[in-house]
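Q: Sequence:
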Amino acid sequence: LTDLIQAERAAAWSEVARRMAHEIKNPLTPIQLSAERIKRNYERRAAFQSESRFGEAINEGTATIVREVAALQRMVEEFSRFARLPESRPTESSLNDVVRDAVSLYAERFDDIQIDCRLDDRLPALRIDTEQVKRVMVNLIDNAIEALNSDAKSNGNGSKVLQNDLTERLIVIETRTMKASDAVQL
1 LTDLIQAERA
11 AAWSEVARRM
21 AHEIKNPLTP
31 IQLSAERIKR
41 NYERRAAFQS
51 ESRFGEAINE
61 GTATIVREVA
71 ALQRMVEEFS
81 RFARLPESRP
91 TESSLNDVVR
101 DAVSLYAERF
111 DDIQIDCRLD
121 DRLPALRIDT
131 EQVKRVMVNL
141 IDNAIEALNS
151 DAKSNGNGSK
161 VLQNDLTERL
171 IVIETRTMKA
181 SDAVQL
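Mapping of the sequence shown onto the numbering used here: residues 1 to 186, in sequence order.
Read the hints as simulated data drawn from the structure, not as lab findings. Among the hints, a few may not be true.
As the list claims (entries may be wrong) - Ranges between beta-carbon positions, derived for each pair:
1) Q6 to E87: 47 to 53 Å
2) L33 to R100: 43 to 49 Å
3) E56 to Q32: 16 to 22 Å
4) P90 to E60: 50 to 56 Å
5) R89 to R18: 30 to 36 Å
Glycine included, C-beta positions come from ideal geometry on N, C-alpha and C.
Can you make the complete structure from the sequences, with help from the hints?
A: And the structure:
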C-alpha cells in the first residue's frame, strides 16, 4: 500500500512540478525584458531629450515587473495551498462505517464489476480522520478497479474483493482483483 501511494504521489508531484515550471517561465520573460529595458534606458539616459521619457520608460518597466511578480506570488500561494495536506481531525469512529461509505460511492456505478466487501465486526472504534481514511479507501478501490484487465471488464466477470481483518492489534485492509476463473480464497 505505501509503495503504491508513494509512487502515485511521486507521479502527481512530478506533473505538478512540470506545470509549475511552465507557469513560472511565462512571467519571467516580461520581467527580464523590462529589467533589460530599464538598464538600457538608464545607461542611455543622457540621450533622452527630457526626463519625462526616461521616467516613462522606468515606470512602464517597473509596473510590468511588479505585475508579473504579483502573478508569480499568487501562483506560489495557490501551489502552497494545494500542496498542504488538510489538517487531520481524528474522531472516535468505526473503520467499517468509513469503508462502507466509500464502497457505497460505487454502488451501481459499474455493470461489469462487483465489489465484495467483507468487514470484520470485531474491529473496535478507532481515532481516525474519517475524511482522509475515506479518501484512501476510494483511492484503493479506484486502483483496484483499474487493475482489472480489459478481458475481465469486457466479459462482465470481474469482481473486487475488499476485506478488513483484525489480527492481534493490527488491522489489515486488503483488495484483490478476481476474474471468473479465479477461486476466491480469503
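Q: Each hint needs a verdict: does it hold in this structure or not?
A: Results for each hint:
1. Q6 to E87: 47 to 53 Å: violated (22 Å)
2. L33 to R100: 43 to 49 Å: Given a distance of about 58 Å, which is not inside 43 to 49 Å, the answer is violated.
3. E56 to Q32: 16 to 22 Å: Given range 16 to 22 Å: holds, Cβ gap about 20 Å.
4. P90 to E60: 50 to 56 Å: holds (54 Å)
5. R89 to R18: 30 to 36 Å: Check passed, 32 Å falls within 30 to 36 Å.
The structure shown violates the earlier hints numbered 1, 2.
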